[in-house]
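J.: Each chain, written out:
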Amino acid sequence: MTEWFATIMGASLFVLMIPVIFRICVGPTGFDRILGVNVIGTKTAVLLVIIGTLYERVEMFVDFALTYALLNFVAAIIVSRYLNRTISLKDMEAREKAKGEGKA
Amino acid sequence: MSETSYSFFVLASATEESGGGFLPLQILGVVCGILGLVFFFGSAVGMVRFPDFYTRMHAAGKGDTLSTMLMLVGFGLVTLEDFSIGSFLLLIKILAVILFIYLTTPTSSHALMRAAFEDDEMPMTEEDLKKSKNRGKKKS
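As given, the protein sequences belong to chains A and B, one line each in that order. So for the first sequence, numbering that gives the first Met the number 0 puts the first residue at 0; every next one is plus one. So for the second sequence, numbering that gives the first Met the number 0 puts the first residue at 0; every next one is plus one.
For the record, the hints were derived by calculation from the structure and aren't laboratory data. Possibly wrong hints are sitting among the right ones.
Ranges of calculated distance between the beta carbons of each label pair, as one might list FRET restraints [unchecked claim]: (1) 97(A) <-> 129(B): 19 to 27 Å; (2) 3(A) <-> 129(B): 47 to 55 Å; (3) 14(A) <-> 119(B): 15 to 23 Å; (4) 125(B) <-> 20(A): 41 to 49 Å.
Derived SDA-like pairs (lysine to any residue); straight-line CA-CA distance at most 20 Å [what the hints assert, rightly or not]: (5) 61(B) <-> 12(A); (6) 89(A) <-> 117(B); (7) 61(B) <-> 41(B); (8) 92(B) <-> 31(B); (9) 130(B) <-> 40(B); (10) 98(A) <-> 123(B); (11) 61(B) <-> 20(A); (12) 61(B) <-> 40(A); (13) 61(B) <-> 112(B).
Keep in mind the model is a prediction, meaning the values are calculated, not measured. Using N, Cα and C, we set each Cβ at its ideal position, and we do this for glycine too.
With the sequences and hints as input, model every part of the structure.
T.: What follows is the structure in structure tokens.
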């Protein structure tokens with residue numbers, strides 16, 4: 000029963016990952032793509048636990064899952080820091096002024 | 000001969016107990032796993048169908064966190080077949096993974112959203128939605 004459950008869960012997880020891969024391929028911005036990569040990485044941690052259940056060595060694969068989740072989190076933080084374009088205060092004020100003039 | 004047949008009987012009964020026994024905890028675990036699949040289905044559909052980056056972030060962040068936690072709880076309960084110390088340690092390890100994901104997934108989606116907002120990725124307004132609807136009508 001446990002093997003059946005693990006097999007069905009793993010197969011349906013793979014099937015449900017296809018729309019997210021579609022979003023990674025056609026995503027208009029880079030943020031969409033890194034968001035899809037983040038979702039798939041979190042699901043891979045679950046998939047590792049499923050693989051461990053199938054091989055009956057869950058206590059080893061749970062450590063892999065924890066490491067994978069940690070690496071996924073670090074990757075998301077690093078990419079968001081890399082894409083974060085910090086603006087200086089003068090530029091921001093100039094932009095606010097331009098917006099106000101445009102509205103008026 | 001009688002000894003071997005007796006041992007075979009013991010083996011058969013043991014496999015029957017471990018294989019066919021529907022413990023209530025296992026049923027609860029299966030229900031949790033299927034609920035997690037439902038939430039992940041919602042998250043995947045939202046990531047394809049929503050029009051804006053922030054709405055997609057909404058679908059992905061919420062559905063992803065809850066579905067991962069539910070699925071891990073389900074597998075932790077399903078693998079708890081015999082109530083020995085090893086299987087309880089395994090359950091505690093899986094609970095540690097759940098705690099980690101509970102802390103980190105909202106944090107990473109918050110950081111991504113903040114980076115997108117500071118990168119001048121403006122949220123979609125009602126006029127943009129009307130424009131996109133008109134464009135779809137013209138195309139079809």
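J.: Now look at each hint and say whether the structure bears it out.
T.: Right, here's what the structure says about each hint:
Separation of residue 97(A) from residue 129(B) is about 26 Å and conforms to the stated range, judged on CB atoms against 19 to 27 Å. Checked against the hint of 47 to 55 Å, the C-beta distance between residue 3(A) and residue 129(B) comes to roughly 49 Å, which is consistent with it. In this structure, residue 14(A) and residue 119(B) break the distance hint of 15 to 23 Å, their C-beta atoms being roughly 36 Å apart. Separated by about 31 Å at the C-beta atoms, residue 125(B) and residue 20(A) break the suggested range of 41 to 49 Å.
Straight-line distance between C-alpha atoms of residue 61(B) and residue 12(A) comes to about 17 Å, which keeps the hinted pair within the 20 Å bound. For the given pair, residue 89(A) sits about 15 Å from residue 117(B) by alpha-carbon distance, which is consistent with the 20 Å threshold. Simply put, residue 61(B) and residue 41(B) have alpha-carbon atoms about 10 Å apart, close enough for the 20 Å limit, and the pair holds. For a cut-off of 20 Å, the pair hint linking residue 92(B) to residue 31(B) stands: about 18 Å separates their Cα positions.
A threshold of 20 Å between alpha carbons decides the hint, and for residue 130(B) with residue 40(B) the separation of about 29 Å lies outside it, so the pair is violated. Pair hint residue 98(A) plus residue 123(B) holds up; C-alpha atoms about 18 Å apart against a cutoff of 20 Å. As the CA atoms of residue 61(B) and residue 20(A) are separated by approximately 18 Å, the hinted pair is consistent with the 20 Å bound. A threshold of 20 Å between alpha carbons decides the hint, and for residue 61(B) with residue 40(A) the separation of about 15 Å falls inside it, so the pair holds.
For the given pair, residue 61(B) sits about 13 Å from residue 112(B) by alpha-carbon distance, which is consistent with the 20 Å threshold.
The structure is inconsistent with the numbered hints 3, 4 and 9, although it conforms to all the rest.
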